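Student: Listed here are the chains, written in short residue letters.
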Amino acid sequence: MRAGPWLVLALAALTLSAVAGRRWPRTWLVLIVAGGAAAAAASVLVLSGAPGWEWRGAFRIGGEALHLRLDALSAVFLALVGVLGGAGAVYAHGYWSDAQYPASAPRGRAWWSVLVLSMTLVLTLSNGLHFLVAWESFAIAAFFLITLDGGARAVRSAGWLYLAASHAGTLALFAFFALLSARTGSWDLGPMNAQAALAPLFWLALFGFGVKAGLFPLHVWLPSAHANAPSHVSAIMSGAAIKMGVYGILRFSGWLPVPNAAGWVVIGFGAVSALLGIAFAFAQGDLKRLLAYCSVENVGIILVGVGGAMLASTAGDAVWGRLLLAGALLHVWNHGLFKGLLFMGAGSVLHATGTRELSRLGGLWRRLPWTSLMFAVGVLAVAGLPPLNGFVSEWLVYLGLFDAVTSRGPSAWAAIFAALLLGTAGALALASFVKVGATVFLGAPRGPAAAKAHESGRAMLAPMGALAALCVTLGLAPTLAWPAIARGVAAWHPAWPATAAPLALQAIGGAQLALATLLIAGAIVAWHQWRGKLARRALTWDCGYAVPTARMQYSSASFAGIVTGWFRWILWPRLALRRPRGLLPARALRLERIPETVLELVIAPVGALFLQTASGARRLQHGSLQAYILYVVVALAALGAMVLEAGAR
Amino acid sequence: MMIVLGFVLRLALWLLLAPLLPGLINKVKAWVAGRRGPPVLQLYYDLARLWHKQVVMSTLASPAFIIGPAVAWVAVLAATLLVPLGPAGATLSFRGDVILMLYLLALARFATTWAAMETGSAFEGMGAAREVSFAVLAEAAMIAAMLTLAVQTGSVSLATMLAPSVGTSAVLLAAGLFTVLLVENCRVPFDDPATHLELTMIHEVMVLDHSGPPLAAILHGASLKLLLFAVLLTQAVLPMGTYSPAVAAAVLLTGVLVVTVGVGAVESLMARFSFRRVPLLLTTAVLLCVFALLVAWQGAA
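Here the protein sequences line up with chains Z and B, keeping their order. Quick note on numbering that gives the first Met the number 0: the first sequence kicks off at 0 and runs consecutively. Quick note on numbering that gives the first Met the number 0: the second sequence kicks off at 0 and runs consecutively.
These are computed hints drawn from the structure, not numbers from a lab. A quick note: this is a predicted structure, and the numbers were derived from the prediction, not measured. Hints may contain errors.
Stated by the list, open to error - Here are some chain B residues pointing at chain Z (derived, C-beta under 8 Å):
(1) V55
(2) T58
(3) L59
(4) A128
(5) E138
(6) P212
Beta carbons are placed, not taken as given, at the ideal position from N, Cα and C, and that holds for glycine.
My request is simple: use the sequences and hints to build the entire structure.
Tutor: Structure (C-alpha cells):
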C-alpha cells in the first residue's frame with residue numbers, strides 16, 4: 000500500500016476540521032481523530048517498509064512549485080503528531096468543552112486543527128519557502144492556543160514571551176533558508192551533502208530549531224508557556240511541538256553537510272540541557288512548570304543521541320552512532336507519549352482542584368483513582384525505570400555512549416561527559432517524580448481544594464488510558480518499534496541501513512517482559528497475602544505525635560531542599576522569611592521562589608538595556624520642525640563634506 | 000535441566016546468604032566494642048518473626064504502601080540475577096545488562112521512597128528526600144565506575160566486565176565503590192542503621208510505618224542489596240577470570256567477608272558525618288571513580 004493517499008486524506012480531514020471546528024464540535028472531533036489516524040497510518044506504512052512518498056504539484060504557490068515528501072524520518076515524527084493530535088482532541092472535548100468555556104472553546108478547536116495541520120505540513124513540505132510559511136502558521140496557532148484563556152495576566156505574558164522567542168528562532172530560520180537558496184539557487188529541499196560550502200549554515204539551523212526544541216539556554220519561553228497553556232495544549236506542545244525543533248535539527252543535519260564541531264556542540268548542549276533541565280524541574284513548586292522543565296531534560300537526552308550520531312558519522316560511520324540515533328528517535332516517541340499522558344493527568348488534577356500548586360495538593364489517589372493510576376504509569380516511564388518505555392530509549396542511548404567509550408576514539412571524551420551527566424540527570428528525574436507523585440497523590444490533602452476533588456469524565460480518561468497503554472506496549476515489546484526506528488535512522492544516514500533488531504535489544508525486550516510479569520505477580524501476591532494480615536488501620540506513626548495535621552507533611556520545597564542547595568549557583572533560589580516573634584507568635588512565613596534564571600538574570604537585563612538605548616534614541620524625534628530641518632541641513636553638510644573629501648583624494 | 004538447577008542454586012545462594020551480612024557486621028561491631036552482641040543469625044530470626052506478624056497500615060496509605068516493598072524486593076532480586084556470582088556466572092547476561100542493573104536498583108529506590116511517602120509523615124518525607132538526593136551523586140559515581148570497567152575490558156556486559164582486574168586503577172575504584180556501597184546501603188558515615196528516632200536518619204526512618212511481612216521484605220531486600228554491592232566490589236577489583244572455579248569461589252567468599260568486616264570496622268571506628276559533609280564525601284567518591292576511569296584509560300592504551 001502506498002502512503003500518499005492516506006496523507007492526502009489526513010490533510011483533507013484536518014483542513015475540513017479547521018472549518019468545522021467553530022460550529023460543530025462532534026463533527027470536528029470525528030474529523031480530527033480521522034485526520035490524526037490517517038496521518039499515523041501513512042507514517043506506519045512508510046515505517047513498515049512502503050516506499051517513501053514524494054509528490055510535486057504542477058501549480059505554484061508564491062512562485063514555487065508545491066513539493067511534498069514523506070520519508071521515514073518525517074514519518075517518525077508524523078506518527079507522534081497524529082497520535083497526540085487525536086488523543087488531545089478527545090481530551091479537549093471533555094476538558095475545554097463549550098459548556099465550560101463558551102467563549103474560547105470554538106476558537107480552541109479551530110486553532111487545534113490549524114496546529115495539527117501545520118505540523119503535518121512542516122513535516123512533509125520539501126520547499127524552503129513553503130516550509131517557512133507552515134512553520135510560521137504552526138507558531139501562530141500555538142500562540143493562540145496558549146492564550147486561549149486570555150483573561151489571566153500570566154497567560155498573556157507567557158503567550159507574548161513564547162511569540163517573541165519563537166520569532167527570534169524564526170528569524171534565524173529565515174536567514175538559514177534564504178542563504179541556502181542563494182547558495183544552491185533553488186528553494187527546493189533535499190539531500191545535498193556533497194556541497195561542503197553549505198556546512199556553516201548548520202549553526203543558524205541549530206539556533207532556530209533549538210529555540211523551538213527548548214534547548215538550554217534557549218528554553219526561556221518553554222516553562223511559562225507550557226505551564227499556563229490549557230493542559231491539552233501543554234500536552235501537544237511538550238509531546239509533539241517541541242519535537243518539530245528536533246526534527247529540524249535532524250532533517251538539516253541529514254540533508255546538509257555539517258561542520259566538524261557540530262556533533263561536539265550538540266552532544267554538549269544536550270547533556271547540559273538534560274542535567275540543568277531536570278535540576279530546575281526538581282526545584283519547581285508548580286506541577287505543570289515542573290513537567291515543562293522536565294521536557295527540557297528529555298530534549299537534552301534526545302540531542303545527546305543526535306549529537307553522538309553526528310560524531311559517529313564523522314568518525315567513520317561507527318556502529319554505536321546507529322544505537323544513539325535509534326535511542327534518540329525512540330525517545331522522541333516515548334517522551335511524546337508519557338509527557339502527553341502526564342500533562343493530561345496534570346490537567347485532570349487542575350480540573351478537579353483548580354490549582355497547580357504542589358503545596359495545596361495531596362492525597363488525591365482516593366478521589367481520583369484512575370487519574371492516579373495512569374499518572375503513576377507516566378511517572379515510572381518518565382523516570383526511565385524498567386519495565387516501561389522510557390527505560391528502553393535511555394538504555395539505547397547509554398549503550399551507544401558506552402560503546403563510544405570502549406571504542407576509545409576522540410569522541411569517547413564527549414561520550415564519557417554525556418554518560419556522567421545523563422546518569423546524574425536520571426537520578427534527579429527519579430527524585431523529581433517521586434516528589435510529584437507523592438505531593439500530588441499521596442498523603443493527606445493539603446487544602447480544601449484537594450479535599451473536595453472529583454474524578455474526571457471518560458472523555459479525559461480515555462485518551463490518557465490510550466497513551467498509558469502505548470507506553471506499556473513500547474516498554475514491553477521494544478522490538479516491535481525497532482524496524483520503524485531503524486528505517487528512520489537509515490533515512491537520516493544512508494550508510495546505516497535498517498537491519499534486524501540487535502540481539503541486545505531483543506534481550507532487553509525479554510528482560511522487560513519477564514520483569515513486568517515478576518513485578519505484577521509479586522504485587523498481586525503481596526496484596527492478597529498481606530492484606531489478609533491487616534490488623535487495623537491506624538494514624539501515621541509520627542514518633543508519638545498524636546494529632547498530625549496535613550500541614551506537617553513534607554512539602555515539595557523541603558523534599559527538593561538538599562538538591563536545590565547543590566544547584567544554588569544556577570537556580571538562585573529567592574527566600575522570603577518572616578520568623579515567628581514574641582511569646583505568642585501570630586504569623587510566620589517562609590516562601591521560596593526559583594526564578595527563571597536565564598530569563599530574569601540574562602535576557603531581561605539585556606532587553607532592558609536595549610529598551611533604554613532605544614528610548615534614548617527616541618529623544619531625537621520630538622515633533623519640532625525646526626530641529627528636523629536642522630537634522631537635514633547637518634546631514635546634507637556631512638554628505639557634502641564626504642563627497643568633497645573623496646573628490647580631493 | 001542444568002540451566003534450571005544452576006538458576007535455583009544461584010537464587011538460593013543470593014536469597015539465603017544475604018541476611019548473614021548484617022549479622023556479621025553487628026558481630027564485628029560488638030566485638031570491637033567488647034560486647035557479646037546479637038547472634039549472627041539474628042536477621043533470620045527477625046524475618047521469620049515478622050513474616051508471621053500482622054500488618055498495621057496508615058489511614059492515609061493506598062495499596063501501593065503494601066505493594067511498594069514487594070516491588071522493591073523483586074527489583075533488587077532481578078538485579079542480583081544479572082550479577083555474575085564468581086564461577087557460577089550470572090543467570091542472565093547480555094550487552095548492556097550493566098545499565099539494566101543500575102536502573103533496577105533505581106526502581107527499588109523508587110518503590111521504597113514511594114511507599115514511604117504514602118504515610119504523609121514528615122519523618123518519612125525527610126528520609127525519602129535524603130535517599131533520592133544522595134543517590135544523585137552515588138549514581139554518577141556508579142556510572143563512572145562502570146565506565147572504568149568498560150574501558151578496561153572493552154565490554155559492556157557484566158560477565159566479561161568483572162572478569163579481569165582493573166590493574167592500577169583498582170585501588171581508586173575500590174575506594175570509590177566502597178563509599179558508594181556505604182551510601183547506597185545507608186551505613187555509617189552516611190546513616191546509622193542502629194537507630195531510627197533521630198532527625199538525621201535515612202533508610203530506617205523511611206520504613207517507620209511498615210510492619211509485618213512488608214517490613215520483612217524491606218529488611219531482606221536491604222540485605223540483598225548489601226550482598227550485591229559486596230559481590231560487585233570484590234569482582235570489580237580482583238582478577239576473577241584468571242582463577243580456577245574452586246579458587247574463584249573461595250576468593251569471592253573471602254572478598255565478600257572482607258567487605259562485610261570492613262563495613263563493620265568503619266561503623267565501629269567512625270561516627271556518622273554531619274549532614275553538611277555528606278555531599279563532600281560523595282563528591283570524593285565520584286572523583287575517585289572518575290580518576291579510576293582516567294587511570295584505566297591510560298593503562299589500557
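Student: Flag every earlier hint the structure violates by its number, smallest first.
Tutor: Failing hints: none at all.
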